[in-house]
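Engineer: Chain residues, written in single-letter form:
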Amino acid sequence: MKQIIVVGNGMVGYKFCEKFVANAESKDFKITVFGEEPRPAYDRVHLSEFFENQDAEALEMAPRSWYEENGIELVTSERVVDISRGKKTITTVSDRVFSYDYLVLATGSAPFVPPIKGVEKKGVFVYRTIEDLEGMLAYAAEIKAEKPSARAAVLGGGLLGLEAGKAVKDMGLEPHIVEFANKLMPRQLDLRSSQVLQLKLESIGLNIHLSKATNQILGDDRITGMEFGEDDVLDVDMLVISAGIRPRDELGKTCGLEMGVRGGIVVDNKMQTSDPNIYAIGEIALYNQMIYGLVAPGYDMAEVAVNQIIGNTEKLMPADIDMSTKLKLIGVDVASFGEPFMPPSKGHSIIFENKTQYLYKRINVSLDGKSLLGGILVGDASDYSMLHQIYLNGMAIPEDPAQLILPATEGGGAFGDVMDLPDEAQICSCESVTKGQICGVIESGEAKDLGDVVSCTKAGTGCGGCKPMVKDLTDATLKSLGIEVKDTICEHFELGRQELYDIIKIKGYRTFNEVIDNHGTGCGCELCKPLVASLMATIHADTANKEYAIQDSNDRFLANIQRNGTYSVVPRVPGGEITPDKLIALGQIAKKYDLYTKVTGGVRIDLFGATLKQLPLIWKELISHGFESGHAYGKSLRTVKTCVGSTWCRYGMDESVSFGIELENRYRGIRAPHKIKGGVSGCIRECAEARGKDFGLIAVDGGWNLYVGGNGGATPRHAELLAEQIDNETVIKYLDRYLMFYMRTAKPLQRTAAWQERLEGGMDYLKEVIIDDKLGIAEDLENEMETLVNKFECEWTQAVNDPEMMKRFNHFVNSEDEDDNLVFVPMREQKMPEPWN
Amino acid sequence: MELVLDKYATTKVEDVKVWFKAASVNDFPQDGGACVKYKDKQIAVFNFAKMDKWYACQNVCPHKMEMVLSRGMIGDDKGIPKVACPLHKKTFSLENGENLNGDMDAIATYPVKIEGENVYIGFSE
Numbered sequence: 001m002k003q004i005i006v007v008g009n010g011m012v013g014y015k016f017c018e019k020f021v022a023n024a025e026s027k028d029f030k031i032t033v034f035g036e037e038p039r040p041a042y043d044r045v046h047l048s049e050f051f052e053n054q055d056a057e058a059l060e061m062a063p064r065s066w067y068e069e070n071g072i073e074l075v076t077s078e079r080v081v082d083i084s085r086g087k088k089t090i091t092t093v094s095d096r097v098f099s100y101d102y103l104v105l106a107t108g109s110a111p112f113v114p115p116i117k118g119v120e121k122k123g124v125f126v127y128r129t130i131e132d133l134e135g136m137l138a139y140a141a142e143i144k145a146e147k148p149s150a151r152a153a154v155l156g157g158g159l160l161g162l163e164a165g166k167a168v169k170d171m172g173l174e175p176h177i178v179e180f181a182n183k184l185m186p187r188q189l190d191l192r193s194s195q196v197l198q199l200k201l202e203s204i205g206l207n208i209h210l211s212k213a214t215n216q217i218l219g220d221d222r223i224t225g226m227e228f229g230e231d232d233v234l235d236v237d238m239l240v241i242s243a244g245i246r247p248r249d250e251l252g253k254t255c256g257l258e259m260g261v262r263g264g265i266v267v268d269n270k271m272q273t274s275d276p277n278i279y280a281i282g283e284i285a286l287y288n289q290m291i292y293g294l295v296a297p298g299y300d301m302a303e304v305a306v307n308q309i310i311g312n313t314e315k316l317m318p319a320d321i322d323m324s325t326k327l328k329l330i331g332v333d334v335a336s337f338g339e340p341f342m343p344p345s346k347g348h349s350i351i352f353e354n355k356t357q358y359l360y361k362r363i364n365v366s367l368d369g370k371s372l373l374g375g376i377l378v379g380d381a382s383d384y385s386m387l388h389q390i391y392l393n394g395m396a397i398p399e400d401p402a403q404l405i406l407p408a409t410e411g412g413g414a415f416g417d418v419m420d421l422p423d424e425a426q427i428c429s430c431e432s433v434t435k436g437q438i439c440g441v442i443e444s445g446e447a448k449d450l451g452d453v454v455s456c457t458k459a460g461t462g463c464g465g466c467k468p469m470v471k472d473l474t475d476a477t478l479k480s481l482g483i484e485v486k487d488t489i490c491e492h493f494e495l496g497r498q499e500l501y502d503i504i505k506i507k508g509y510r511t512f513n514e515v516i517d518n519h520g521t522g523c524g525c526e527l528c529k530p531l532v533a534s535l536m537a538t539i540h541a542d543t544a545n546k547e548y549a550i551q552d553s554n555d556r557f558l559a560n561i562q563r564n565g566t567y568s569v570v571p572r573v574p575g576g577e578i579t580p581d582k583l584i585a586l587g588q589i590a591k592k593y594d595l596y597t598k599v600t601g602g603v604r605i606d607l608f609g610a611t612l613k614q615l616p617l618i619w620k621e622l623i624s625h626g627f628e629s630g631h632a633y634g635k636s637l638r639t640v641k642t643c644v645g646s647t648w649c650r651y652g653m654d655e656s657v658s659f660g661i662e663l664e665n666r667y668r669g670i671r672a673p674h675k676i677k678g679g680v681s682g683c684i685r686e687c688a689e690a691r692g693k694d695f696g697l698i699a700v701d702g703g704w705n706l707y708v709g710g711n712g713g714a715t716p717r718h719a720e721l722l723a724e725q726i727d728n729e730t731v732i733k734y735l736d737r738y739l740m741f742y743m744r745t746a747k748p749l750q751r752t753a754a755w756q757e758r759l760e761g762g763m764d765y766l767k768e769v770i771i772d773d774k775l776g777i778a779e780d781l782e783n784e785m786e787t788l789v790n791k792f793e794c795e796w797t798q799a800v801n802d803p804e805m806m807k808r809f810n811h812f813v814n815s816e817d818e819d820d821n822l823v824f825v826p827m828r829e830q831k832m833p834e835p836w837n
Numbered sequence: 001m002e003l004v005l006d007k008y009a010t011t012k013v014e015d016v017k018v019w020f021k022a023a024s025v026n027d028f029p030q031d032g033g034a035c036v037k038y039k040d041k042q043i044a045v046f047n048f049a050k051m052d053k054w055y056a057c058q059n060v061c062p063h064k065m066e067m068v069l070s071r072g073m074i075g076d077d078k079g080i081p082k083v084a085c086p087l088h089k090k091t092f093s094l095e096n097g098e099n100l101n102g103d104m105d106a107i108a109t110y111p112v113k114i115e116g117e118n119v120y121i122g123f124s125e
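Just so you know, the sequences run in chain order A and B.
Residue numbering for the first sequence is 1 to 837, as defined by UniProt numbering.
Residue numbering for the second sequence is 1 to 125, as defined by UniProt numbering.
Misleading hints may appear alongside valid ones.
What the hints assert, rightly or not - Non-contacting residues of chain A with respect to chain B, defined by C-beta distances greater than 12 Å in every case (computed):
#1 Pro148
#2 Lys270
#3 Ile483
#4 Gly565
#5 Thr787
What the hints assert, rightly or not - Subject to a maximum C-alpha distance of 27 Å in a straight line, what follows is the list of computed DSSO-like cross-link-like pairs (lysine-lysine):
#6 A:Lys807 with B:Lys78
#7 B:Lys53 with A:Lys546
#8 B:Lys89 with A:Lys467
#9 B:Lys64 with A:Lys831
These are computed hints drawn from the structure, not numbers from a lab.
Remember, it's a predicted structure, so these values are computed and weren't measured experimentally.
Note that beta-carbon positions come from the ideal geometry of N, C-alpha and C, so glycine has one too.
Given the sequences, and given the hints that come with them, work out the whole structure.
Structural biologist: In structure tokens:
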């Protein structure tokens with residue numbers, strides 16, 4: 001059996017192992033992998049997500065057990081320090097010696113720390129490993145405790161630097177980005193697109209300093225500032241260096257492999273180094289005189305090395321490597337592909353720029369106008385996949401190439417169908433999966449749905465950017481085979497949401513068991529139970545108390561479960577209007593039960609930290625002060641945000657507060673496919689941000705403008721205009737129709753924005769249904785909404801008045817004790833749950 | 001944190017030394033769960049009426065170590081009875097504690113018996 005040693009267990013080292021064991025010939029080899037970090041390989045590309053959940057496991061490429069199952073020996077926390085090419089052995093830092101037949105170097109790179117005076121001071125970090133992040137978190141907490149307005153700078157305005165900027169911002173530090181060049185992301189963006197990106201980043205609170213060379217880092221033992229010129233100083237309490245990478249090539253140097261002048265181990269197109277038994281892949285490999293700092297070429301290199309070692313010597317690294325990238329940086333789309341900076345001698349550029357919306361699009365077209373050479377997208381990269389495909393496959397472009405980037409007009413965009421792509425079009429560049437492979441596994445019957453396609457081909461398992469295209473291709477291929485593409489709910493029902501809705505409505509079912517016994521299989525699960533509960537609520541206007549065991553946790557306990565299993569209570573404050581007496585009552589209740597208190601982003605006051613047992617006690621007090629607890633959970637109406645409108649405002653055109661309250665009270669009991677928020681602004685200054693809501697009203701001369709389908713969640717959307725200058729009565733009529741139409745036809749967990757986007761016929765069709773009553777269902781919809789509105793009952797009052805229901809709110813059924821596992825820690829004069837490990 | 005988990009170990013019927021009388025069958029919702037205190041342990045007990053069975057397991061979810069499993073929704077995964085944690089929807093088999101949608105360690109399960117109106121949970125210590 002031949003022995004392979006892989007040095008380095010990063011993303012590329014892991015990919016080598018994965019591709020190797022997937023090969024039938026791999027049984028003739030034994031693989032040993034060395035990693036110097038304490039944990040198995042993880043997804044460094046998504047490192048900044050660690051800040052959101054601090055869940056290192058979620059970033060893992062594969063758990064430790066995966067290595068065992070595949071017969072790979074994984075040695076972590078052990079650095080390889082020497083290679084003896086003569087004896088074909090390696091030596092580790094603890095003086096252990098291992099011999100190899102093939103050696104694969106995948107040691108990657110280390111952050112480059114420029115030789116600035118004072119760089120060794122406390123509070124200076126690099127951004128590369130989970131341990132780096134943990135160090136930053138701990139230090140940030142320390143300085144923030146001393147100084148709540150602490151600042152952090154990031155040295156380097158490249159890709160990683162901007163990610164680091166978001167990270168320090170999320171830690172609650174004032175973020176500053178310091179870049180040596182005169183633009184951000186100098187390797188990917190031109191000056192104009194950098195300026196657009198800068199405006200956007202500044203609008204979300206990042207401070208950008210360009211053309212700054214750092215002379216020294218100030219402070220005694222810990223950093224207090226950065227000095228650029230004599231009188232040019234930036235006071236900061238922490239610094240993260242993200243000034244590029246340097247290959248970790250010291251092993252290559254000491255054992256005499258051929259090296260590049262500026263570092264990196266030289267490889268040929270077989271990924272072989274100057275020693276034929278040693279391969280180098282990823283960010284230490286110098287190929288074409290280049291170090292490729294992207295994960296996709298690293299994965300390709302791993303694939304070539306695997307093939308070469310098992311004897312498939314025809315598999316070579318291509319001469320041209322696609323350096324296109326698309327990312328979501330701090331919520332901003334940024335993409336560049338092909339040749340982003342093209343000299344005028346090679347072609348023409350077409351540029352679309354809209355600074356008010358932080359949009360920039362540039363495409364570079366050949367002189368004959370026939371092919372696409374490259375481009376840059378900032379602010380909206382939804383066209384990236386298609387543009388990238390056109391570029392990669394040399395596809396023909398429209399006579400007027402501007403159509404490729406101009407906003408879609410009536411009749412749709414300039415793009416064709418995904419099915420028009422050639423079979424060799426690469427859809428997933430991380431895993432090198434072509435359109436032909438995706439369609440192939442479906443046509444051969446190997447894959448029956450999207451999940452199968454992903455597990456058969458691994459498409460979409462890298463950065464995930466290609467997922468929408470993979471889904472479109474899967475659906476289109478299934479359709480072309482005459483297979484109905486069905487969105488079923490889960491293994492228990494072969495039905496969609498709409499079909500279940502109709503069945504429950506027609507048969508009048510009242511319990512989950514009636515539905516599953518007659519139309520499903522098994523016992524149900526956490527997907528179908530809450531869905532059926534929601535449909536029954538929509539149809540019969542029952543509260544969640546009726547059959548509480550099929551409700552999701554929050555609906556079952558009528559409050560939001562939070563990080564440590566305690567709950568938050570969010571009293572409804574319709575339209576955000578509240579009397580001083582009620583404000584005082586809220587404060588007193590919060591104080592009595594020692595609750596953490598916060599004003600939310602949507603005209604409410606959050607009360608956190610209530611135990612199960614305290615919930616009914618708190619509700620009772622709230623109810624006695626005229627409150628009702630609010631739906632801050634569940635798929636229901638949350639709030640209708642209002643500005644102060646003509647009640648007090650000197651610009652107000654109409655009474656936004658009164659109308660907001662009326663609407664919030666009207667729809668407060670409804671259950672929907674997703675949560676819904678509304679907004680009412682008294683004038684076009686839009687202080688209630690109504691266009692960022694599922695429905696929004698703006699008072700104009702002559703009535704209200706009604707907008708629908710805003711918010712969009714992870715994919716933010718502005719609401720679109722449904723009707724202009726209508727009166728209160730018409731607003732309610734249209735909203736009843738709109739909401740009911742959405743509740744009846746959207747998929748589970750589909751927001752209004754996504755529902756509207758996929759509505760065939762688009763906004764025009766929606767207007768025909770809602771305003772012109774094209775389908776003749778307007779009256780039905782209105783009546784149905786009226787029934788729901790009339791049947792509203794306060795479910796918290798229901799719960800506290802019924803001793804049987806009250807049983808739900810004891811932590812134990814056999815003891816009055818509270819959960820003894822709860823730990824709170826102090827924070828800014830209030831409390832919070834102890835952080836998770 | 002591991003200390004929390006150390007208290008819980010799967011117990012088989014043949015190893016039961018103590019049948020602890022926990023509560024009345026009426027204290028548990030149909031097709032739902034509630035938490036029982038036994039010494040310093042928190043045990044989630046489920047009345048799986050649809051299958052006409054009762055199950056018990058540790059109340060602590062091994063993902064984030066919070067005492068919440070009794071508040072999770074129950075159901076089945078291809079016929080295997082399971083509970084979904086209310087915090088992040090990690091699901092566990094109620095038969096043998098196996099994590100059905102991930103690779104976390106199995107949770108501890110305990111035998112349950114019903115005599116008359118009463119629910120008993122079996123412990124080996």
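Engineer: Tell me, which hint numbers fail for this structure?
Structural biologist: 4, 6
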